[in-house]
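Chain by chain, the residues:
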Amino acid sequence: MAEPNSDQSDLMHLLVAVSRQDRDAFHELYSRVASRMFGVCLKLAGHRELAEEALQEAFIQIWHHAREYHSDRGSPMGWMMTIARYRTLDLIRSRKVRQTGSDEHIDQMRDERAGPLDESLRSAGAAELTGCLDELTNAQRDSILLTFYKGLSHEELSLALSSPLGTVKSWIRRGLLALKRCLDQ
Amino acid sequence: MKKTTERVETLAAEYVLGTLHGKARQGFERWMMESVRVRQEVWFWEEKLGALASEVPEQVPPVSVWHAIEKRLWPDIQAANDESGSSSRWLWPGWSLVATAAAIVMAVLLVQQPRPSVDGQLAGAVVQADVDDPLWLVSESGRDRWLKLKPVAANAAETGKDYELWIVPEEGDPLSLGVIPAGGVYQVTLNDEARESLSRSRTLAISLEPVGGSPTGAPTGPILHVTRLYEL
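In order, the protein sequences belong to chains A and B.
Here the first sequence stands for residues 1 to 185, where the numbers follow UniProt numbering.
Here the second sequence stands for residues 1 to 232, where the numbers follow UniProt numbering.
Hints were generated in silico from the structure; no laboratory data involved.
Do not rely on the hints blindly, as some may be mistaken.
[To be verified] Within a straight-line C-alpha distance of at most 20 Å, the following computed EDC-like cross-link-like pairs (lysine to aspartate or glutamate) qualify:
no., chain 1, residue 1, chain 2, residue 2
1, B, K23, A, E53
2, A, K169, B, E9
3, B, K23, A, E156
4, B, K71, A, E155
5, B, K71, A, E135
6, B, K148, B, D76
7, B, K148, B, E196
8, B, K148, A, D134
9, A, K169, B, E6
10, B, K71, A, D24
11, B, K23, A, D90
12, A, K169, A, E156
13, B, K71, A, D10
14, B, K148, B, D192
15, A, K169, A, E135
16, B, K71, B, E171
17, B, K71, A, E57
18, B, K71, A, E156
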């Protein structure tokens, strides 16, 4: 995550207060992180209404489960971003809201990693991950990024990349394993 | 299925990535309950893959999301507010608590600017609910009783429309502060009633109205912004 440590420590204090049912702290937390989380929800869902609902669900979960956060789960920001992703994925699964298009997605993914967003990659975690992503084959990397950013299922990925289901499954699996080996080094 | 290292690794990664579905997903969630090692593997991927999420640009959510959250968590407060505001056709509940992330950011920007030497200087920000919405900065002088709005990214309202500024009181109907131009600084002097009301609620709103402002004295068009004034 790209936050300086002081931000993370502020967020940590807010989470502690939220776990004690402090409503003002909860509102402050919302003010600070909602836009970042909403960006992720919106990107993943590709659908405004669904993204708004996912954000709502995510904050309901944060209110009820703030005490379950601990540092093994990453930074406070990372933990909340993960919740935002999961709630969005849940809604995508249950609503079967689907994005259309195919090749266009891949171009967008590439743009996102190499474009003006590179700045946010300076944070250690992202830089490390990007270095490792570069070691994957193009097909493996595209499969993982498309799935991460767009919430595509194996079947949708197979359509988007015009490749057999078994092939995309193995791209993802092998890509992830290679990523793990690289990150563990 | 046995929990081999490789299986745990790939299933955890796929779980976090979002490609694990149906029975495979349920089975894996059971593994997570059974084993701390499996949970740790999930946390590993949440953190590593989560770094990708930090690349996604921010998007300011509409204020309605916060209202919906409040309504679900604290329906009692909501109901009380509904009653007190029943004379109004407008849904005021929760508005006084509205502050978007952008509002905080803008307020911080204001702090960093040289401070005018007016005592009791307060400032806040009216910000966009949607990216396309216009944006104003608000500053207030307690001593001289004025409120200034400076457009930052405000375009003229669509043809046949004007922006109107309101004080959102703690109770009752909003109080008009007049029509604000999209260009140039708008300054309004507060009368006693307006001052009193604003000092308690610290909340402003901007709505889109017919040219010349609301014909009824209450907002008739969509509310573009609701903001709290922050003491700086």
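Structure versus earlier hints, numbers of those that do not hold, lowest first: 1, 4, 5, 6, 8, 13, 18
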